[in-house]
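Engineer: Letter by letter, the chains look like this.
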Amino acid sequence: DAKTTQPTSMDCAEGRAANLPCNHSTISGNEYVYWYRQIHSQGPQYIIHGLKNNETNEMASLIITEDRKSSTLILPHATLRDTAVYYCIVRVLASGNTPLVFGKGTRLSVIA
Amino acid sequence: GAVVSQHPSRVICKSGTSVKIECRSLDFQATTMFWYRQFPKQSLMLMATSNEGSKATYEQGVEKDKFLINHASLTLSTLTVTSAHPEDSSFYICSARYTGLNTEAFFGQGTRLTVV
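Heads up: the protein sequence lines correspond to chains A and B, in order.
Counting in my numbering, the first sequence runs from 1 upward without gaps.
Counting in my numbering, the second sequence runs from 113 upward without gaps.
What the hints contain is simulated information worked out from the structure, not anything from laboratory work.
Take these hints with a grain of salt, some might be off.
Partial list, computed: chain B residues near chain A (C-beta under 8 Å) [stated by the list, open to error]:
id	residue
1	161
2	165
3	167
4	220
All of these numbers come straight from a predicted model, not from anything done at the bench.
C-beta atoms are modelled at their ideal positions from N, C-alpha and C, and glycine is treated no differently.
Construct the complete structure from the given sequences, taking the supplied hints into account.
Structural biologist: Set out below in structure tokens:
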């Protein structure tokens with residue numbers, strides 16, 4: 001799986017959009033971009049994933065650049081409950097018997 | 113989304129004793145489950161892959177005789193920390209995925225183990 005680079009930490013004001021970047025310059029054509037987050041003392045939670053088109057769900061939007069070498073996770077209206085570590089993971093199309101490998105992620109602090 | 117339930121959420125045990133942690137997929141069958149360990153302020157580290165009906169596959173550096181994994185059914189995997197020591201104190205997390213391509217993983221809520 002391709003390596004990802006994320007900032008160590010970010011702050012965001014409550015109610016504002018949180019934009020979390022991820023670089024994956026060595027991504028292959030069949031690798032997807034996944035985002036998970038981990039709130040303190042809980043298991044990770046799936047957020048969103050995409051291949052090359054932008055994706056949106058009830059939690060967030062995922063913007064993938066045209067060359068697919070980077071992406072941005074957008075939380076449109078951050079709340080205090082969005083404070084968590086956010087992990088960007090790039091992986092090939094895989095079956096259910098392959099694990100996720102986590103990097104260090106970005107610690108997002110949403111501030112009132 | 114699918115639910116993975118982990119029990120207990122928190123356990124304190126004495127040094128030298130064993131502790132069993134359960135991981136259940138509540139509304140789907142998982143032929144494979146994964147066990148992770150997380151130390152404070154660090155990321156999740158994969159310990160082992162648990163396969164239903166067969167032996168687990170352990171990551172390098174993880175002692176298979178210390179961390180016993182049993183995956184007796186399609187909805188239950190257990191991790192037993194044997195002869196626990198204070199350095200085994202950590203946050204243990206299980207994960208399961210639907211069988212099939214490109215499906216997201218679901219995680220248990222984690223178990224905080226403290227060995228005193």
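Engineer: List, from low to high, the hint numbers that the structure doesn't satisfy.
Structural biologist: When the structure is compared with the hints, numbers 2, 3 turn out to be violated.
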